[in-house]
Amino acid sequence: MIEYKILQEYEINRQLFHSFIRRQLVDQCLRLENNVWVVRSDPFIDDWTEEEYQILIDCLQNTIQTGGFVCGAFFHGALKGFVSVENGLFGSQNQYYDLSSLHVSEDMRRHGIGKNLFLIAADWARKQGAKKLYISSHSAIESQAFYHSMGCTDAVERNQKHIEAEPYDRQLEYLL
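Heads up: the sequence shown begins at 1 in my numbering, then just goes up one per residue.
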């Protein structure tokens with residue numbers, strides 16, 4: 001059985017990710033061409049280096065330090081998924097909270113963990129006063145299918161900071 005737990009800053013360290021498998025084999029991706037999303041073959045393996053794990057740990061700790069939200073999904077005590085939402089409204093009407101990460105370990109994908117984490121994060125953001133979640137989502141068609149199944153749509157307002165950081169991401173929103 002999966003246990004969902006709000007994480008505290010002191011719990012976020014390299015050991016937490018000991019049993020987490022980031023690996024994602026990507027082939028088909030969405031690409032924005034002439035203002036239309038098209039599927040293109042762009043094969044690569046998405047995984048994290050030790051340096052990237054340290055950046056992730058620093059970011060998640062910062063999320064908590066600044067009043068944001070981090071929740072983990074645990075199976076037999078091992079982290080198998082996590083989600084984070086940044087504190088602070090943005091957008092022309094202060095309508096968005098930023099869903100900054102949502103990842104499920106390769107060995108536990110397609111078991112509903114991502115959906116549950118997404119809904120837990122959405123509930124937290126709603127309680128903070130957000131009207132929408134903003135998602136800069138991975139362009140892999142599997143990731144896009146997940147967000148579509150959750151009811152996400154193209155963002156009405158696109159966040160330039162996210163576009164510059166990840167130009168191939170699709171900018172989405174979720175109405176709370």
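In short, the hints are calculated from the structure, not lab data. There's no promise every hint is true.
FRET-style restraints, in silico, Cβ to Cβ [what the hints assert, rightly or not]:
{"no.": "1", "residue 1": "M1", "residue 2": "S149", "range": "34 to 42 Å"}
{"no.": "2", "residue 1": "E3", "residue 2": "N35", "range": "38 to 46 Å"}
{"no.": "3", "residue 1": "N35", "residue 2": "K161", "range": "14 to 22 Å"}
{"no.": "4", "residue 1": "K161", "residue 2": "G67", "range": "40 to 48 Å"}
{"no.": "5", "residue 1": "E3", "residue 2": "R40", "range": "36 to 44 Å"}
{"no.": "6", "residue 1": "A165", "residue 2": "S92", "range": "17 to 25 Å"}
Cut-off 30 Å, straight-line C-alpha distance, at most; resulting in silico cross-link-like pairs (DSSO-like, lysine-lysine) [said to hold, decoys possible]:
{"no.": "7", "residue 1": "K131", "residue 2": "K115"}
{"no.": "8", "residue 1": "K5", "residue 2": "K115"}
{"no.": "9", "residue 1": "K5", "residue 2": "K127"}
{"no.": "10", "residue 1": "K115", "residue 2": "K161"}
{"no.": "11", "residue 1": "K127", "residue 2": "K161"}
{"no.": "12", "residue 1": "K131", "residue 2": "K5"}
{"no.": "13", "residue 1": "K115", "residue 2": "K127"}
{"no.": "14", "residue 1": "K131", "residue 2": "K161"}
We treat Cβ as the ideally placed atom computed from N, Cα and C, and that holds for glycine.
Comparing the hints with the structure gives:
1. Range check, M1 to S149: about 23 Å between beta-carbon atoms, so the 34 to 42 Å window is missed.
2. A beta carbon spacing of about 43 Å between E3 and N35 agrees with the range 38 to 46 Å that was offered as a hint.
3. About 21 Å separates the C-beta atoms of N35 and K161, a value consistent with the hinted range of 14 to 22 Å.
4. Checked against the hint of 40 to 48 Å, the C-beta distance between K161 and G67 comes to roughly 19 Å, which is inconsistent with it.
5. As the Cβ distance of E3 to R40 is approximately 39 Å, the hint placing it in 36 to 44 Å holds.
6. Evaluation of the 17 to 25 Å hint for A165 and S92 yields a pass: the beta carbon distance comes to about 20 Å.
7. Restraint check for K131 and K115: satisfied, since their Cα atoms lie roughly 19 Å apart, inside the 30 Å limit.
8. With a C-alpha separation of about 15 Å, the suggested pairing of K5 with K115 holds against the 30 Å cut-off.
9. Note on K5 and K127: the hinted pairing holds, with a Cα-Cα distance of about 17 Å set against a maximum of 30 Å.
10. Our distance criterion of 30 Å between C-alpha atoms is met by K115 and K161, whose separation comes to about 26 Å.
11. Distance restraint check for K127 and K161: the Cα-Cα separation of roughly 25 Å lies within the 30 Å cut-off, and the hinted pair is therefore satisfied.
12. Taking the CA atoms of K131 and K5, the gap is about 24 Å. The hint holds against a cut of 30 Å.
13. For the suggested pair K115 and K127, the alpha carbons sit about 18 Å apart, so the restraint of at most 30 Å is met.
14. Taking the CA atoms of K131 and K161, the gap is about 20 Å. The hint holds against a cut of 30 Å.
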